[in-house]
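**Student:** As a plain string of letters, each chain reads:
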Amino acid sequence: MPAEKRVRGAAGGIKCVLAGDEVLKLVEYLFGPDARSVVESLGTVLVCSGEFSEVYLVSNLMADAIATLFKRGYVPYSAGLYAGRLRRLRPKFIPSVSLLQVIYDSVGPRRAIGVSEEGLKPFLYGNDILRKSVTKCYEPVSKGEVIGILGSDGYVYGVGLSNVDSCSKLSKLGDLDEVAKNVFDIGWYLRGGTEPRERKYKVE
Amino acid sequence: MVRYELVGDLRSYLRSRIYGAVDDWVRSTALRFGYRDYMIARYLEALGSREEVLNLLKAFEEPLKPSIRCNTLKVRSCGLLAERLGELGYVLKGISWEPTSFTIEVLGKPPPGATHEFLLGMYYLYRGAASLIPPLVLLPKPSDVVLDMAAAPGGKTTHMAQLMRNEGLIVAVDISKARMRALRSNLERLGVRNVLALRLDGARVPELFGPYFSKVLLDAPCTAEGLVQVDKSRKTRTALDDLFAARERQVRLLLAAVDSVVSGGYVLYATCSIAPEEDELVISEVLKLRDDISVVPLPDIVDFRSGLTEYFGIKLPDELRLCGRLYPHIHCMEGFFLCLLRKE
Chain A
1 MPAEKRVRGA
11 AGGIKCVLAG
21 DEVLKLVEYL
31 FGPDARSVVE
41 SLGTVLVCSG
51 EFSEVYLVSN
61 LMADAIATLF
71 KRGYVPYSAG
81 LYAGRLRRLR
91 PKFIPSVSLL
101 QVIYDSVGPR
111 RAIGVSEEGL
121 KPFLYGNDIL
131 RKSVTKCYEP
141 VSKGEVIGIL
151 GSDGYVYGVG
161 LSNVDSCSKL
171 SKLGDLDEVA
181 KNVFDIGWYL
191 RGGTEPRERK
201 YKVE
Chain B
1001 MVRYELVGDL
1011 RSYLRSRIYG
1021 AVDDWVRSTA
1031 LRFGYRDYMI
1041 ARYLEALGSR
1051 EEVLNLLKAF
1061 EEPLKPSIRC
1071 NTLKVRSCGL
1081 LAERLGELGY
1091 VLKGISWEPT
1101 SFTIEVLGKP
1111 PPGATHEFLL
1121 GMYYLYRGAA
1131 SLIPPLVLLP
1141 KPSDVVLDMA
1151 AAPGGKTTHM
1161 AQLMRNEGLI
1171 VAVDISKARM
1181 RALRSNLERL
1191 GVRNVLALRL
1201 DGARVPELFG
1211 PYFSKVLLDA
1221 PCTAEGLVQV
1231 DKSRKTRTAL
1241 DDLFAARERQ
1251 VRLLLAAVDS
1261 VVSGGYVLYA
1271 TCSIAPEEDE
1281 LVISEVLKLR
1291 DDISVVPLPD
1301 IVDFRSGLTE
1311 YFGIKLPDEL
1321 RLCGRLYPHI
1331 HCMEGFFLCL
1341 LRKE
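Heads up: the protein sequence lines correspond to chains A and B, in order.
If you count by the numbering used here, then the first sequence holds residues 1 to 204, one letter each, in order.
If you count by the numbering used here, then the second sequence holds residues 1001 to 1344, one letter each, in order.
Do not rely on the hints blindly, as some may be mistaken.
Unchecked claim - The calculated label-pair distances, taken between Cβ atoms and stated as ranges, are:
| # | chain 1 | residue 1 | chain 2 | residue 2 | range |
| --- | --- | --- | --- | --- | --- |
| 1 | A | Y29 | B | R1290 | 47 to 57 Å |
| 2 | A | G154 | B | E1105 | 28 to 38 Å |
| 3 | B | G1079 | A | G126 | 27 to 37 Å |
| 4 | A | L24 | B | R1165 | 20 to 30 Å |
What the hints assert, rightly or not - Simulated pairs of lysine-lysine, BS3-like, Cα-Cα distance not exceeding 25 Å:
| # | chain 1 | residue 1 | chain 2 | residue 2 |
| --- | --- | --- | --- | --- |
| 5 | A | K169 | A | K92 |
| 6 | A | K143 | A | K121 |
| 7 | B | K1177 | A | K200 |
| 8 | B | K1093 | B | K1058 |
| 9 | A | K71 | B | K1177 |
| 10 | B | K1074 | A | K136 |
| 11 | A | K121 | B | K1074 |
| 12 | A | K202 | A | K136 |
| 13 | B | K1074 | A | K200 |
| 14 | B | K1109 | A | K121 |
| 15 | A | K202 | B | K1177 |
| 16 | A | K200 | A | K143 |
| 17 | A | K15 | A | K200 |
| 18 | B | K1177 | A | K15 |
What the hints contain is simulated information worked out from the structure, not anything from laboratory work.
Every residue gets a Cβ at the ideal spot worked out from N, C-alpha and C, and that includes glycine.
Just chain A, with the same shape it has in the complex (with noise of 0.2 Å):
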């Protein structure tokens, strides 16, 4: 079988490289398929690595544009739809509040839980979601594995990290238990959306 050929780039520091099989894999693992196929539809894969490795999805003719900025010496900053953040540690993958509303939207929520308004103000804060905030679970749901946050408007409002392996679990929890823990939130925006005093993932 012949090698895949790679449109690759490189500039201060950070590699970028137009392909996805990896973070397509990923997405078809915690989403399912019929998830794969939306995330195909979007266009190409582009990953950029310097101190994070970062998911884009990009139109051909975006990926064009892209082959040529290569081609002299540069990256993009960013670049369509950012998809977001691949780890060597799991959980793998964290997808952005876009992709995962992308996703929902298309196919359905999964890996996600309906919070109340109440428990949605301090998550906004960077805070956690408690048991008693929790009105809705979408399965699949499993332990340490991402989980998306959704209002009760239908907008994802962030994402978390999972304390329960399936959502049969929340009948077992009191209400002050952490269901999941808070990774993104669309509070970022506000709070460090344009200062880089924090991390924005807050997972190692």
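Place chain B on chain A using the hints.
**Tutor:** The following block gives chain B in isolation, referenced to the frame of chain A:
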């Protein structure tokens, strides 16, 4: 009256003419409103009457109403957004010429940059409504390839993405590291997918892409002399030499914009400044240097005041009347300048 092309040393010529126009009325008016003398002398030259200068200066003392653009990339019904904000105590008024946008007549709580709706990317918040106009003038289509040359923090970039329904391509360029963070944050928050963001001096874009873009927006870095309503330091911050330094940078960027656009494509030059040095005198210089561009009429979005064709005894190209000026005392928004160019 001397033709622009025949003025040798523009800086010296204008310095002499502007300071020569500072009389007792100019000095006392500058003192009364807290401006540098030379600024008032220029307003009198550009507006033509003391009465109108006073109207402008009084308008600059009034607070500017913030505006929001409902982000249809995320919101299906802008009416529903208005209802959600209404529940927070906001009173919004629709903007007649931009159907997805509103001025905030009464502020609710929390502030407009801290509501859940803002964080969810349901709207973009503007200091004033004039920033909504450049994307409507350029009016990019989903099939366009657009260059936004000084893009951060992204109000116009995200507006163009909305007009393009997240299709086509926008290459958004800015040189500032801090402002790029703001741009990226806004792109992500608003769910924009068709923007390729580059941290780069906009003047270097032609080296990378050549003539590649069907439309170019150059919302040029400027002294922001049209934003006195939101920043009173603008009354005194800019010396005449600073204006000419800004003009040199603007000419360099506009030449790069012209180099970046394909034949038959459009370049929109805009500033949030009412200083002719950063506006008509930039266009005049580029028209002098290039014979492949011409000024074309602006679409009938608002009743623009015509661009200046005379300034302190200099006869500027006639086609500059097709450029547009926005003044707070006439248009009830921040001061702005727009000029649409077409490449032959």
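**Student:** Against this structure, judge whether each hint is valid.
**Tutor:** Do the hints match the structure? See the list:
{"no.": "1", "hint": "A:Y29 - B:R1290: 47 to 57 Å", "verdict": "55 Å, holds"}
{"no.": "2", "hint": "A:G154 - B:E1105: 28 to 38 Å", "verdict": "29 Å, holds"}
{"no.": "3", "hint": "B:G1079 - A:G126: 27 to 37 Å", "verdict": "33 Å, holds"}
{"no.": "4", "hint": "A:L24 - B:R1165: 20 to 30 Å", "verdict": "25 Å, holds"}
{"no.": "5", "hint": "A:K169 - A:K92", "verdict": "24 Å, holds"}
{"no.": "6", "hint": "A:K143 - A:K121", "verdict": "24 Å, holds"}
{"no.": "7", "hint": "B:K1177 - A:K200", "verdict": "17 Å, holds"}
{"no.": "8", "hint": "B:K1093 - B:K1058", "verdict": "24 Å, holds"}
{"no.": "9", "hint": "A:K71 - B:K1177", "verdict": "23 Å, holds"}
{"no.": "10", "hint": "B:K1074 - A:K136", "verdict": "23 Å, holds"}
{"no.": "11", "hint": "A:K121 - B:K1074", "verdict": "21 Å, holds"}
{"no.": "12", "hint": "A:K202 - A:K136", "verdict": "24 Å, holds"}
{"no.": "13", "hint": "B:K1074 - A:K200", "verdict": "22 Å, holds"}
{"no.": "14", "hint": "B:K1109 - A:K121", "verdict": "14 Å, holds"}
{"no.": "15", "hint": "A:K202 - B:K1177", "verdict": "23 Å, holds"}
{"no.": "16", "hint": "A:K200 - A:K143", "verdict": "22 Å, holds"}
{"no.": "17", "hint": "A:K15 - A:K200", "verdict": "20 Å, holds"}
{"no.": "18", "hint": "B:K1177 - A:K15", "verdict": "19 Å, holds"}
Checked against the numbered hints above, the structure breaks none of them.
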